[in-house]
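Chemist: Chains A and B, in that order, are what the protein sequence lines are. Letter by letter, the first sequence follows residues 621 to 947 in our numbering. Letter by letter, the second sequence follows residues 381 to 900 in our numbering.
Because the hints were derived from the structure by calculation, they are not lab data. Since the structure is predicted, the reported quantities are computational estimates derived from the model, not experimental observations. It is possible that some hints are incorrect.
Sample of chain A residues facing chain B (criterion: CB under 7 angstroms; computed from the structure) [what the hints assert, rightly or not]: (1) N685; (2) T693; (3) N720; (4) N722; (5) A772; (6) R780; (7) K809; (8) V814; (9) E830; (10) L944.
Distance condition first, Cα-Cα at most 27 angstroms in a straight line; then the derived DSS-like pairs of lysine-lysine [claimed, not checked]: (11) B:K504 with A:K686; (12) A:K686 with A:K641; (13) B:K691 with A:K695; (14) B:K865 with A:K686; (15) A:K695 with B:K859; (16) A:K805 with B:K504; (17) B:K691 with A:K938; (18) A:K667 with A:K738; (19) A:K695 with B:K398; (20) B:K691 with A:K809; (21) B:K398 with A:K641; (22) B:K504 with A:K806.
For every residue, glycine included, the Cβ atom is placed at its ideal position computed from N, Cα and C.
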Amino acid sequence: MKTIIIFLTTLFISFSIYAEKLTIYTYDSFVSEWGPGPIIEKIFEEKHNADIEFVAVESAATLLNKVILEGDTSKADIVLGLDMNLFDLAEQSELFTTHNINDINNLINLPLKWESNKFVPYNYGYFSFVYNEANLATPPKSMDELINSTNARIVIQDPRTSTPGLGLLTWMKALYGDKAGDEWKKLNKKIISVTKGWTDAYYNFFMAGEADMVLSYTTSPAAHIMFEERYDILATTFEEGNYITIEFAGILNNSQNKDLANKFLNFMLSKEFQSVIPSTNIMYPVTNIKDLPEAFDKLDVPNFIQMDPKEINKNKEKWIDEWLNAS
Amino acid sequence: MFIFGLIILLPFIGIFSKINFDLDNIYNFFQNSYTHRLIYFSLYQAFLSALLSCFLAIPFALALNRHKNLKIIKFIISLCGFCFVIPTILIVFAVIKLFGNNGFYNSYFNLYENFSIETIFGIKAILIAHILLNTPFATRLFFQSLNSIPLKYYEISSSLNITFFGNLLKLEMPYIRQNFFTVFSIIFSLCFLSFAIVMALGGGPMYSTIEVAIYQYALFELNFNKAILLSFLQIFICLFFLFIGFYKLKGSNFFEIDQINFIHPHKEYKAIKIIDFLTIVFFSIFLFSPILSVIYHFINNGIYLSLINEKFLGSFFNSIIISVTTGIIVCLSGFIISSILVINYKNMIFQQSIFLISSSIIIISPIIFSLGYFIILGELRYVQFFKYFVIVLINCLFLLPFSILILFNNLKNIFLNFENFQQTFRISIRNYFIILLPMIKKNIIFVFAFSTVITFGDFTIIAFFKDQNFDTLPSYLYKLISVYKFNEASFVAGVILILSMIIFLLIDNLNYQGKSAIKT
Numbered sequence: 621m622k623t624i625i626i627f628l629t630t631l632f633i634s635f636s637i638y639a640e641k642l643t644i645y646t647y648d649s650f651v652s653e654w655g656p657g658p659i660i661e662k663i664f665e666e667k668h669n670a671d672i673e674f675v676a677v678e679s680a681a682t683l684l685n686k687v688i689l690e691g692d693t694s695k696a697d698i699v700l701g702l703d704m705n706l707f708d709l710a711e712q713s714e715l716f717t718t719h720n721i722n723d724i725n726n727l728i729n730l731p732l733k734w735e736s737n738k739f740v741p742y743n744y745g746y747f748s749f750v751y752n753e754a755n756l757a758t759p760p761k762s763m764d765e766l767i768n769s770t771n772a773r774i775v776i777q778d779p780r781t782s783t784p785g786l787g788l789l790t791w792m793k794a795l796y797g798d799k800a801g802d803e804w805k806k807l808n809k810k811i812i813s814v815t816k817g818w819t820d821a822y823y824n825f826f827m828a829g830e831a832d833m834v835l836s837y838t839t840s841p842a843a844h845i846m847f848e849e850r851y852d853i854l855a856t857t858f859e860e861g862n863y864i865t866i867e868f869a870g871i872l873n874n875s876q877n878k879d880l881a882n883k884f885l886n887f888m889l890s891k892e893f894q895s896v897i898p899s900t901n902i903m904y905p906v907t908n909i910k911d912l913p914e915a916f917d918k919l920d921v922p923n924f925i926q927m928d929p930k931e932i933n934k935n936k937e938k939w940i941d942e943w944l945n946a947s
Numbered sequence: 381m382f383i384f385g386l387i388i389l390l391p392f393i394g395i396f397s398k399i400n401f402d403l404d405n406i407y408n409f410f411q412n413s414y415t416h417r418l419i420y421f422s423l424y425q426a427f428l429s430a431l432l433s434c435f436l437a438i439p440f441a442l443a444l445n446r447h448k449n450l451k452i453i454k455f456i457i458s459l460c461g462f463c464f465v466i467p468t469i470l471i472v473f474a475v476i477k478l479f480g481n482n483g484f485y486n487s488y489f490n491l492y493e494n495f496s497i498e499t500i501f502g503i504k505a506i507l508i509a510h511i512l513l514n515t516p517f518a519t520r521l522f523f524q525s526l527n528s529i530p531l532k533y534y535e536i537s538s539s540l541n542i543t544f545f546g547n548l549l550k551l552e553m554p555y556i557r558q559n560f561f562t563v564f565s566i567i568f569s570l571c572f573l574s575f576a577i578v579m580a581l582g583g584g585p586m587y588s589t590i591e592v593a594i595y596q597y598a599l600f601e602l603n604f605n606k607a608i609l610l611s612f613l614q615i616f617i618c619l620f621f622l623f624i625g626f627y628k629l630k631g632s633n634f635f636e637i638d639q640i641n642f643i644h645p646h647k648e649y650k651a652i653k654i655i656d657f658l659t660i661v662f663f664s665i666f667l668f669s670p671i672l673s674v675i676y677h678f679i680n681n682g683i684y685l686s687l688i689n690e691k692f693l694g695s696f697f698n699s700i701i702i703s704v705t706t707g708i709i710v711c712l713s714g715f716i717i718s719s720i721l722v723i724n725y726k727n728m729i730f731q732q733s734i735f736l737i738s739s740s741i742i743i744i745s746p747i748i749f750s751l752g753y754f755i756i757l758g759e760l761r762y763v764q765f766f767k768y769f770v771i772v773l774i775n776c777l778f779l780l781p782f783s784i785l786i787l788f789n790n791l792k793n794i795f796l797n798f799e800n801f802q803q804t805f806r807i808s809i810r811n812y813f814i815i816l817l818p819m820i821k822k823n824i825i826f827v828f829a830f831s832t833v834i835t836f837g838d839f840t841i842i843a844f845f846k847d848q849n850f851d852t853l854p855s856y857l858y859k860l861i862s863v864y865k866f867n868e869a870s871f872v873a874g875v876i877l878i879l880s881m882i883i884f885l886l887i888d889n890l891n892y893q894g895k896s897a898i899k900t
């Protein structure tokens with residue numbers, strides 16, 4: 621009898637401490653030691669007695685490729701880090717299932733209305749060209765000026781592998797339409813390298829002094845103010861407007877842990893998660909939090925440009941060809 | 381035979397299953413100016429790389445030839461051979477460390493400002509890397525040509541009192557010219573199919589080649605159609621090379637250098653002595669700077685024992701498992717196929733067809749095979765076992781022709797020499813091979829070492845099958861370089877260099893050992 625009791629007790633204890641595992645695919649900077657990953661992982665695991673496993677890919681645009689390629693064998697429960705330029709492709713892929721959050725637009729505060737019952741946004745920002753004041757005395761005030769009169773060595777990311785890269789592709793298309801190819805030809809003369817991901821372009825080229833301008837976000841200077849008290853790194857806001865990027869997450873159809881996954885999506889909109897975002901992912905939170913870091917006050921908020929996700933998905937390949945042809 | 385055919389055909393079934401025969405699409409693709417650019421740039425960079433490598437190698441080989449009695453020259457020639465097996469990813473690492481913005485040359489000689497260079501990435505970096513990789517290779521081959529000049533010719537020229545330049549133009553240059561086109565062609569083909577260097581140092585789509593574009597279309601855009609069209613284009617171009625004799629000499633005799641003891645008629649002239657000394661020192665420092673740089677960084681900031689982490693160990697064991705398994709399989713299958721060929725040596729058609737099939741693999745680049753298997757495996761490619769299996773399989777396919785080349789010739793000679801004994805003593809074929817085996821043991825070890833070291837340094841095949849949980853040492857090194865973790869990278873690069881050097885020296889010494897042809 622005693623043995624049975626001991627056995628049952630052990631069994632009970634082991635069940636109660638058994639943590640459910642949640643596998644999240646995301647991009648590398650999200651889970652880096654200074655990114656939001658480690659902090660939110662700790663909070664969520666304690667709160668829900670769960671075990672989060674982050675699987676990071678080199679750049680965000682390859683995230684979706686990865687789950688498409690993996691298909692049914694994918695280990696992921698959640699994909700976190702897709703952005704609006706991949707929205708329609710993700711929506712059409714039938715890889716994702718609906719979430720259980722009702723009236724999502726009442727919970728969040730985005731510059732535009734959120735229309736999806738599969739995906740939940742967690743932060744947003746605006747693409748921008750970031751520069752060092754010391755190296756570039758007269759920054760461009762518009763895309764036109766950047767293309768035609770600014771004299772700078774620029775580094776951008778490949779639109780096939782990186783979210784900002786794809787962002788610039790749609791930004792150019794939104795501004796120049798059919799003439800985008802010609803404008804790319806002019807811009808390409810100033811581009812010294814096209815990197816695979818953001819980290820490479822920002823740290824290896826721009827911060828290492830190999831380039832004067834880098835394609836990044838309007839919020840990037842906040843990181844330098846917060847962590848280094850450097851005020852010389854600035855971002856351009858253009859007269860035509862800057863392209864908006866909204867990052868979101870979704871649950872995969874194949875997930876064996878849909879309940880826990882839904883808990884995570886709800887958690888993304890909580891104050892605990894949202895207040896970590898500005899100081900770690902250096903983006904704007906999607907909910908109204910009051911204590912935005914001071915550094916964010918120093919940033920200009922541009923007008924936003926956004927193209928129809930369906931249009932992007934339909935023409936992406938053609939636009940990439942146009943960009944390749946102009947290189 | 382059937383299995384062998386199936387292994388080669390399987391990736392093509394995969395490729396054809398995904399191709400979309402829409403003539404409009406195909407037409408548009410070949411009309412696309414980016415496609416033209418890819419073809420143009422692939423050929424252009426290969427041409428320039430081959431030309432520069434060959435021209436740089438000539439004075440170096442001439443200087444080495446004049447002083448080949450010196451022990452140090454033998455060592456330099458041996459190192460020149462190392463480039464044939466050095467993992468290209470190490471060259472990438474060294475080019476960034478030497479020529480990058482924060483590299484050695486810019487820090488000490490202000491390279492960028494003096495020559496108003498904006499960035500090294502692009503054609504400059506590609507050319508530098510290809511020159512560093514191929515000039516030693518060309519030097520070794522040219523040296524071999526010069527070395528084959530009969531001693532008598534020198535004696536005659538010496539007795540006729542022919543001048544230094546006369547000697548150079550009438551005796552030495554013709555020997556170099558004889559092989560120039562072959563050497564140029566080999567380097568051209570190697571650069572045309574260069575992957576890791578263009579991928580890491582190209583700096584974007586402006587400087588991309590067909591080989592890299594196939595990979596990018598498949599993995600970046602999931603556009604298998606374009607990748608496949610480019611693959612066919614590449615096979616077509618390689619077939620064209622084959623047609624005009626580009627692959628004639630690929631790899632053969634490369635490791636066999638017989639040292640002849642001689643005194644060059646002009647080596648004692650003071651001016652020539654000084655110029656030769658400077659040439660040899662300059663070229664040695666320049667060409668071996670990648671090796672020096674890797675070793676320097678390994679010693680300086682690479683030896684962090686704390687870096688032997690899970691990721692490193694995982695990649696290390698993957699590399700060892702993959703390369704050693706490949707080595708063993710290549711030896712075994714090479715031996716079996718060579719034996720079948722030798723036994724059927726009277727059946728010419730059979731023999732020639734096996735030769736043809738096995739060597740036809742060389743015109744298809746590993747990237748195309750990887751693409752085919754990548755498609756056909758589907759979701760199985762994420763299962764660890766299949767990953768090992770396919771990577772080993774593709775590596776084996778490319779090394780097999782080479783192993784047959786080495787083993788067949790030697791096995792045939794031994795087999796024919798002792799065939800009478802076999803008949804006299806009525807030894808069964810099985811027992812006969814057991815007797816023959818020790819005789820070609822040395823060749824088998826050579827094939828094993830060579831296959832292992834080539835597989836160990838492979839970056840192309842692994843590029844398709846790596847992911848965040850599965851790396852080999854070269855792909856791990858690439859990952860570290862691309863996130864600028866140079867301390868860790870120094871360590872990994874050092875480990876790769878040391879391991880491949882040990883195996884290489886084994887190869888080179890095996891070839892010098894016990895050879896009656898060596899005259900000392």
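Chemist: Given the hinted pair B:K691 and A:K695, is their Cα-Cα distance within 27 angstroms?
Modeler: The given pair, whose Cα atoms are some 20 angstroms apart, holds under the 27 angstroms limit.
Chemist: Checking hints one by one. Is A:K809 an interface residue toward chain B, by the C-beta closer than 7 angstroms rule?
Modeler: Not OK, violated: A:K809 not within 7 angstroms of chain B, min 10 angstroms.
Chemist: Report holds or violated for the interface hint on A:E830, using the least CB-CB distance to chain B and a cut-off of 7 angstroms.
Modeler: holds (5 angstroms)
Chemist: Answer holds if the nearest beta-carbon of chain B is closer than 7 angstroms to that of A:T693; otherwise answer violated.
Modeler: holds (4 angstroms)
Chemist: Given the proposed pairing of A:K695 with B:K398, does the C-alpha separation stay at or below 27 angstroms?
Modeler: Status holds; Cα separation ~25 angstroms.
Chemist: Assess, step by step, whether the Cα of A:K667 is no farther than 27 angstroms from the Cα of A:K738, and give holds or violated.
Modeler: holds (24 angstroms)
Chemist: Close enough to count: is the Cβ of A:R780 nearer than 7 angstroms to one in chain B?
Modeler: holds (4 angstroms)
Chemist: Does the CB of A:A772 sit less than 7 angstroms away from some CB of chain B?
Modeler: At 11 angstroms from the nearest chain B Cβ, A:A772 fails the 7 angstroms test, so the hint is violated.
Chemist: With the threshold set at 27 angstroms, check whether the alpha-carbon distance from B:K691 to A:K809 stays at or below it.
Modeler: violated (40 angstroms)
Chemist: Holds or violated: are the alpha carbons of A:K805 and B:K504 at most 27 angstroms from each other?
Modeler: holds (21 angstroms)
Chemist: A:V814 was flagged as interface toward chain B. Is the shortest Cβ-Cβ separation under 7 angstroms?
Modeler: holds (3 angstroms)
Chemist: If you draw a straight line from the CA of A:K695 to the CA of B:K859, is it 27 angstroms or shorter?
Modeler: holds (22 angstroms)
Hint compliance for this structure: hints 3, 4, 5, 7, 11, 17, 20, 21 are broken, all remaining hints hold.
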